[in-house]
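Participant: Using the sequences and the hints, build the whole thing.
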Amino acid sequence: MAEIKITQKQNNSTEITISGELTIYCAMDAYQQHFQQLKVKEITLFQFGNISEIDTAGVQLLIMLMKIVSEQKSSYQVTSLGEALTDYSNLFQLNRYFIDFEDLTELTSDNEEDKQ
Amino acid sequence: MVDKTSQFLTFTIADEHFGMDLHQTREIIEYAGITQVPLMPQFISGVINLRGEVVPVIDLSVRLGRQPITIHKRTCVIVIELHSSEQHCVLGLLADAVNEVIDISASDIEDAPAFGAKIRAEFIQGIAKKDDEFIVLLDAEKTLSPVELAHLVEAELQ
Amino acid sequence: MSLDAILQTFFVEAQEHLESMENMLLKMDEGECDDEMLNDIFRSAHTIKGSAGIFGLDHIVNFTHVVENVLDRARDKEIEIDTDLINVIFKCRDHMQSLVGVTLDEFNAQADLQKIDNDLLTALAPWASTENIEAVKQTSTATESQPENKLTDDGGTDKLWHISLRLSTDCLKNGMDPLSFIKFLTSLGEIKHIETIIDNFPSLDNFDAETLYFAYEIALQSDASLEEIENTFMFVQDDSDITILPPSATIGDYLALIDKLPEENQRLGDILVKCGSLTRHTLEQALASPSTEKTVSEQAVTDQPDESPAEERKDPNATINAALTKQKQAKSQAPEGKQIRIDSSRLDHLINLIGELVINQQRIELLSKDSKNPQLIEAVDDFDNFTNQIRDAALSLRMVPIGGTFQRFKRLVRDTSQELGKEVELIIDGADTELDRLMVEKLGDPLTHIVRNAMDHGLESTEDRQAAGKNIKGQLKLSAYHEGGHIVIAISDDGNGINKVRIREKAIEKGIINNDSQLSDNELFHLIFHPGFSTAETVTNLSGRGVGMDVVKRNVEALQGSIDISSQTGLGSEFKIRLPLTLAIIDGFHVEAKGTHFIIPQATIIECIDLSNHQDIKGRHCINLRGDMIPYLNMSEIFNLAPSQKMKAADHMTRHTAKRELVIVQFGSDVAGIAVDRLNGEIQTVVKPLGPIFKALKGIGGSSLLGNGEIAFILDVPQLIELAIANEIANKVSCPESINSPDK
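Residue numbers (the working numbering), protein chains in the order written: chain A, 1 to 116; chain B, 1 to 158; chain C, 1 to 744.
Don't read these hints as lab results, they were simulated from the structure. Incorrect hints may appear among the rest.
Over the 10 Å line for every Cβ pair with chain A, so calculated as not near, a few chain C residues [stated by the list, open to error]:
(1) T9
(2) H95
(3) T103
(4) A125
(5) I182
(6) T196
(7) D208
(8) N352
(9) P374
(10) F383
(11) I390
(12) I427
(13) F533
(14) E574
(15) I585
(16) E682
Quick partial rundown of chain C residues pointing at chain A, CB under 8 Å, derived from the structure [stated by the list, open to error]:
(17) H193
(18) I197
(19) F201
Note that the structure is predicted; figures quoted are calculated from it, not measured. Where a beta carbon is used, it is the ideal one built from N, C-alpha and C, also for glycine.
Facilitator: In structure tokens, the structure reads:
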């Protein structure tokens with residue numbers, strides 16, 4: 001089961017951390033419990049580094065999550081990816097979603113500070 | 001851990017109270033006649049047509065070593081379902097009356113007394129006390145094990 | 001369908017392929033060998049490998065790959081097919097069967113299986129191309145296999161396929177993750193580009209996390225065949241839209257694809273360009289012209305766009321090739337449209353429901369007759385007619401030809417004859433005779449025993465046959481045919497026949513019969529079904545130690561069948577198994593005894609007579625029927641029936657009209673009567689098994705519900721007769737004629 005933590009931070013950002021197995025077995029629950037009513041601030045930071053296993057349902061969920069976030073006009077940034085998601089992303093050539101975001105680079109420096 | 005409680009269906013045969021794990025019971029139906037199966041030992045009352053299913057009915061009283069149950073107006077059939085054996089097995093049990101469903105916590109169940117029990121100890125899961133009355137909690141898997149019953153039938157037929 | 005169900009499909013299909021491999025090998029073994037057969041065997045191995053790969057069953061993939069390689073070389077005439085090779089392939093086929101039966105983990109845990117694996121690979125070595133064996137031996141010992149090894153790696157050619165996937169939205173729920181297909185594709189070649197299309201994502205509220213929204217466009221560079229690529233998606237074909245464009249596809253094919261797909265054309269075009277499947281130039285030209293596929297493809301042929309990957313597609317033959325490929329595709333899919341695979345439990349459920357319908361219909365018929373409303377009666381008559389047709393149609397769904405079962409014996413006979421050093425010819429007759437699938441499944445074991453027995457004990461050794469002036473080649477015949485309401489399966493041989501003297505001696509020695517027992521031939525033959533009876537001078541490992549034949553009898557009886565033996569010294573013997581057509585619904589005759597309802601299977605009934613017109617002979621339960629002595633049994637006696645309460649009440653009313661009826665039944669060669677109180681007429685009835693508790697109850701084969709909801713017991717006539725005999729013996733009734741030999 002995936003563990004999902006959503007932290008609303010002081011500096012106008014929301015941090016979403018997902019760890020564990022994000023697969024079809026928990027995708028439905030994860031969506032309904034955490035994402036359907038999700039409200040994010042101006043900046044959203046995704047921590048996917050501790051996802052230990054992911055399948056197509058899990059990746060769909062992440063893409064949906066990114067859509068939700070974009071719809072709320074929040075800028076997002078994937079701050080960590082992890083091996084499972086990297087493998088999937090490489091196989092399906094999805095790096096444009098998870099690694100090469102062209103338009104979000106300016107946020108990087110702010111993020112680093114927030115994390116401290 | 002909280003004290004584990006289980007639900008039991010309680011019923012009466014000849015003034016004695018019995019309980020059976022609610023999960024094993026499926027439904028209770030009115031006794032509306034029975035088709036006797038030739039050559040069967042006394043504890044097998046016969047078979048009934050349960051909505052198109054032919055279900056054997058057991059006289060629990062005989063199975064527990066007592067007199068056969070006397071059929072009267074309010075006699076009912078408790079339909080139970082056993083899953084433990086390889087195939088699941090549906091059986092009917094004759095009872096004089098079905099009383100209620102009660103919660104009994106594990107701590108209120110005492111071991112079957114080794115002495116003087118009129119019922120073979122392995123048939124009993126335990127004894128519970130409710131309103132000053134003893135309820136014999138039956139171990140349906142043992143009392144009504146299809147394999148065991150089939151052996152008894154075989155013995156009767158020889 | 002869950003993943004388990006899909007795996008199940010894989011097992012069933014693998015089984016079918018293995019069977020077909022076996023049949024082809026058997027034909028080749030008999031000296032028939034043509035390219036088509038080799039192709040068939042190759043395709044079977046190939047398909048098994050392919051599907052196993054999808055499920056990550058690497059142990060199957062690795063082994064089968066070498067077998068496939070050898071078959072491929074044989075196909076290409078690089079190696080010659082001889083008996084040695086056929087023998088090895090036979091063994092490989094068997095091993096594949098074992099492999100299909102275990103999981104990868106189980107395989108890795110079983111040293112003996114791995115040993116067989118290695119031994120067979122070594123045995124195959126002389127025929128295989130060497131790199132192949134080495135590669136696979138390595139992978140089979142390595143914990144993680146490398147799919148790259150499985151394919152010839154001459155990556156020089158530039159065959160670019162385009163695969164467009166709009167998979168069933170339910171495929172995630174069904175346990176099929178696109179991940180496994182894409183991974184498998186990487187074992188077929190290199191994925192040049194894959195575009196995951198997320199256009200189909202729904203709004204926030206409509207998002208279902210278990211539905212697949214992704215669509216894929218894939219450019220795959222591979223030397224694999226269309227079939228191989230297609231097979232990747234074998235298990236998601238239903239409800240999925242999968243388009244595979246071969247390297248030879250024309251621009252027209254791509255345009256057709258763009259038109260067909262739900263996404264916007266320009267966007268799709270862009271994706272195809274990204275995949276490298278199309279050049280922007282070609283695409284723009286094509287999309288600009290509002291033409292039909294045909295003209296566009298012509299255009300593609302004449303057009304010469306710059307350095308496009310579609311360049312090879314420009315040769316005029318390409319269009320024809322594409323058309324051919326499609327045609328081939330259509331051809332290979334055609335039979336699938338005619339046959340569907342259904343889970344047998346769903347079929348059983350349908351048949352049960354129809355059984356209920358039949359019961360209900362009978363009830364309505366009763367009511368309509370009571371109503372005396374002629375229109376209603378007529379309508380119900382029509383209904384009756386249709387119900388019967390539905391019933392027959394439903395039952396026929398479950399009927400399968402026995403040929404498949406017979407076919408399996410070819411291999412058994414081949415192997416056994418080699419082992420015994422006897423030459424045996426197997427003749428199969430009536431392979432298209434159909435019987436209930438349930439029975440087919442349960443017949444395998446008894447038939448195997450009888451066939452082995454016939455080869456081991458029935459047929460003589462080559463020398464003996466020569467000495468007796470017989471054809472050296474022994475003959476074994478399996479036949480099936482209808483006889484009355486039954487199906488008869490006969491196994492006959494032209495061997496030495498059953499040695500009656502030997503059986504008798506043995507039975508006396510074993511204490512089964514007395515020294516002075518008088519037995520008819522039939523009774524004598526039936527002694528071999530006695531538990532613990534074995535007459536072979538030497539017990540071979542084939543027919544075992546006499547534990548087989550009693551099991552045979554029991555199995556056949558469990559199917560409500562019977563078994564007869566006939567034999568002539570020096571000429572051979574014949575085992576005849578008689579089985580009812582189906583187990584689910586029987587035509588019966590409804591009778592009553594002391595208020596209890598019984599159904600006698602119609603197929604066993606010869607006639608009904610009024611017993612009060614006949615006198616018992618010498619005070620025994622025997623009557624003289626047109627000169628024949630017919631023993632009979634009393635239902636109320638044999639089942640110890642006491643009149644029910646209801647009966648007692650009705651008794652005084654019926655007493656003076658109470659007749660005694662006798663139903664004359666025949667089973668095998670035995671004729672006997674069953675005395676009952678009342679005949680209620682013919683009835684069609686659904687057999688309801690009585691359940692495990694009543695297993696020991698002899699004479700009753702099951703139960704059935706009557707139109708009015710009451711329960712009737714279905715008689716098992718042979719068992720009933722046996723029971724009567726047993727009772728008679730137990731009661732020490734001095735009756736020199738046993739009940740089952742009426743005509744002596």
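Participant: Run the C-beta distances from D208(C) to all of chain A and say if the shortest one exceeds 10 Å.
Facilitator: violated, 8 Å
Participant: Could you check that no beta carbon of chain A comes within 10 Å of the beta carbon of N352(C)?
Facilitator: Nearest chain A Cβ is 34 Å from N352(C), so the label holds.
Participant: Verify that the Cβ of E682(C) lies farther than 10 Å from every Cβ atom of chain A, and report whether the claim holds or is violated.
Facilitator: holds, 56 Å
Participant: Does I427(C) sit more than 10 Å from chain A, CB to CB?
Facilitator: holds, 55 Å
Participant: Please settle this one: T103(C) was flagged as non-interface, so is its CB more than 10 Å from every CB on chain A?
Facilitator: holds, 20 Å
Participant: For I182(C), which was marked as not at the interface, is the minimum beta-carbon distance to chain A over 10 Å?
Facilitator: violated, 6 Å
Participant: Tell me if the interface restraint on H193(C) is satisfied: Cβ within less than 8 Å of some Cβ in chain A.
Facilitator: Holds. Min distance 7 Å.
Participant: Test the statement that I390(C) is away from the interface with chain A: the closest C-beta pair must be farther apart than 10 Å.
Facilitator: holds, 41 Å
Participant: Just double-check E574(C) for me: nearest Cβ-Cβ distance to chain A has to come out over 10 Å.
Facilitator: holds, 59 Å
Participant: Mind verifying the non-interface call on P374(C)? Its CB should be farther than 10 Å from each CB in chain A.
Facilitator: holds, 60 Å
Participant: Please confirm whether T196(C) is truly not at the interface, meaning its C-beta sits more than 10 Å away from all C-beta atoms of chain A.
Facilitator: violated, 5 Å
Participant: Decide, holds or violated, for the assertion that all CB atoms of chain A are farther than 10 Å from the CB of F533(C).
Facilitator: holds, 57 Å
Hint compliance for this structure: hints 5, 6, 7, 18 are broken, all remaining hints hold.
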